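**Q** Protein chains in written order, with numbering that gives the first Met the number 0: chain A, 0 to 394; chain B, 0 to 277.
These aren't lab readings, by the way, just hints derived from the structure by calculation. Remember, it's a predicted structure, so these values are computed and weren't measured experimentally. Ideal Cβ positions, reconstructed from N, Cα and C, are used throughout, including at glycine.
Examples of chain A residues lying across from chain B (beta carbon under 8 Å, computed): (1) T20; (2) I27; (3) Y34; (4) C196; (5) I198; (6) Y199; (7) L219; (8) V226; (9) F230; (10) S291; (11) M328; (12) G372; (13) L375.
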Amino acid sequence: MIKKYFEKLQIALLAISSMITTVTIFLIVVFLFSYGIKFFTNSSIEKGYDIVVHESNPIQKLSPVILQQIFDQEYTFWHEVGGNQDSLEILHFEDLPNYYTEEQIGAEFELVGACITDYLSKHPNAITIIPSINIDSSFKGKIVEVASIKFTDVFTTQKWFPTSKPIALFGILPMIIGTLLVSFGAIVLALPFGIACAIYMAEIMKSRWRKYLKPTIELLAGIPSVVYGFFGLVVIVPIIKNVFQLEVGETALAGSIILAIMALPTIITITEDAIQNVPNSVREASLSLGASKWQTILYVVLPFAKNGIITATVLGIGRAIGETMAVLMVTGNSAIIPNSFLQPVRTIPATIAAELGEAPFGGTHFQALFTLGCILFLFSMGINLYVNYTSRSKN
Amino acid sequence: MNKYIIEKIVFWVFRLMTLLVVGILVWILGFIAYHGIQVLSWDFLTKMPEEGMTKGGIFPAIVGTVCLMVGSMIFAFPTGVMSAIYLNEFLGEGKIKSLINLMTDNLAGIPSIVFGLFGMALFVNKLHFGDSIIAGSLTLGLLVLPIIIRTTETALKSIDDTYRHASYALGASKLYTIKNVVLPMAMPNVITGLILGMGRVSGETAPILFTAAAYFLPQLPDSIYDQVMALPYHLYVLATSGTDIETARPMAYGTALVLILFVLFCNLAANFIRSIKN
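Modelling step: build the complete structure from the supplied sequences, incorporating the hints.
**A** Written as structure tokens, this is what we have:
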């Protein structure tokens with residue numbers, strides 16, 4: 000009797016174990032998205048600060064992008080940002096000691112509110128930033144409402160200044176374009192070699208040799224990405240620098256080459272499987288009609304294996320998009336939109352890896368990196384669901 | 000042009016492309032081995048890093064990586080094997096099974112940096128493990144779960160049903176059959192999954208960046224709540240952000256070689272076990 004219950008308990012334990020992958024995915028979704036979505040409730044101003052203008056200023060609300068441009072001195076008149084015809088003055092908070100003595104500001108900065116009120120009364124066109132705790136009874140001025148970070152802004156803004164103060168900008172467009180560019184380059188380089196290698200292995204090679212080639216290709220998949228990155232850094236990057244006469248060799252091209260090498264095993268293995276699955280009767284029919292072996296491969300075998308080759312390509316792209324360390328080490332990591340393969344780029348995974356260590360826990364920057372993680376997660380899910388769907392519809 | 004001449008040309012082009020692919024592998028391995036072997040010595044393997052990581056050895060990084068390999072397997076191996084047993088032996092074809100299979104595939108496809116983010120959010124912060132061996136091991140364990148589940152499933156599937164039926168015919172229960180007939184027969188291939196998983200864990204960098212890895216820590220861990228150095232992260236640090244990158248270069252080659260040897264050894268061991276079984 001007890002033995003029977005014990006057995007039931009063991010089976011229950013097995014059943015619980017089998018849920019682990021599903022539960023993990025669920026937890027990843029919960030944790031990733033709880034931080035990632037919270038990002039959109041933030042304001043771009045540094046926490047604990049407010050933007051203020053003189054009471055007579057008609058400006059009510061400004062977007063983060065425009066505020067950043069204001070503090071970058073890209074505007075000279077208020078009407079350029081929707082205000083009146085007056086010229087635009089900026090008071091940087093750290094310049095306050097240039098205008099007021101230490102006694103006026105106060106040892107603990109407790110009189111900042113009064114100083115800024117005074118400054119604004121003398122310079123009614125000024126805009127400045129003030130610590131929120133200094134907005135007290137002595138302060139007279141208008142707080143400008145800063146729009147919270149919008150979904151569409153994040154995907155269209157071209158600037159990524161996550162730590163700039165007082166206004167941080169979180170435009171992920173450069174990273175999305177960088178990731179797609181590097182991955183696209185990788186797949187263009189890898190596909191011809193991958194397919195040629197797979198055809199050679201499956202159709203042409205003697206099986207005696209195939210036995211050795213297959214583990215060799217698997218070994219290529221086993222090399223850690225950080226080693227690929229290191230190899231790229233000390234070998235590929237200098238070669239690119241010399242061949243194209245560049246100042247720095249860390250470019251999108253370097254990333255594409257390394258990612259192409261890393262995507263090869265995936266492409267070769269899956270394409271080879273697809274070719275192996277083509278029934279022999281089809282080949283024999285073609286050969287018996289007088290076609291050469293190459294004609295058979297080109298016109299019969301490859302069209303038959305088309306779905307498998309597409310799957311291989313998609314998985315190769317997926318591998319390239321998610322790759323972190325190798326790309327981080329060879330692409331130069333500047334968050335600008337690249338014009339060519341010979342410019343440094345920054346990818347989404349590399350951004351997370353490079354910046355998460357420095358982002359304060361729970362801050363806006365931290366949450367922005369989780370938003371990037373959400374994008375990667377959704378992308379990998381999409382690829383997997385697509386591959387799953389096509390492989391099922393084939394069966 | 001005769002179609003057979005075209006065929007000859009095309010096949011030669013393919014042969015050359017295949018040779019190039021193999022050539023790249025040989026180049027990478029040869030390059031690392033050639034430069035790495037010059038710094039590889041007993042001292043290099045057993046000493047602490049010295050003088051801003053430009054001299055001395057990589058002992059703490061080796062110990063750290065071994066800790067993470069063992070730690071992740073303590074968690075992932077039993078869980079993965081049990082999961083595979085339930086999937087293959089108990090669960091019939093149906094919606095639940097295809098859902099679990101789908102989720103396992105999805106988990107395998109998630110980029111490693113996402114595991115890093117997740118591990119940081121859950122293990123390091125929510126569960127307050129801090130940057131530690133246990134947080135890193137659990138993160139890496141989740142990462143290799145699909146590998147272990149898939150190899151175990153394949154191993155179990157390769158056991159012919161006649162053995163199961165014979166055991167049932169003698170009056171054994173299902174669980175008894177699995178424990179005493181199926182699993183022992185499948186063991187060599189199950190172990191292959193364990194070794195492949197360890198190889199994968201030893202080389203992963205992104206998941207431990209924010210969960211376990213220390214930039215520089217010239218001492219060995221005392222408990223599972225300590226931070227550790229790890230080979231892949233150490234290589235990254237030496238190659239990109241050390242105090243003196245040029246003088247640290249030989250150290251980087253040595254670290255890369257040791258890391259590759261770890262992975263190579265795991266791969267060869269897995270292949271060896273597979274070959275003696277067949």
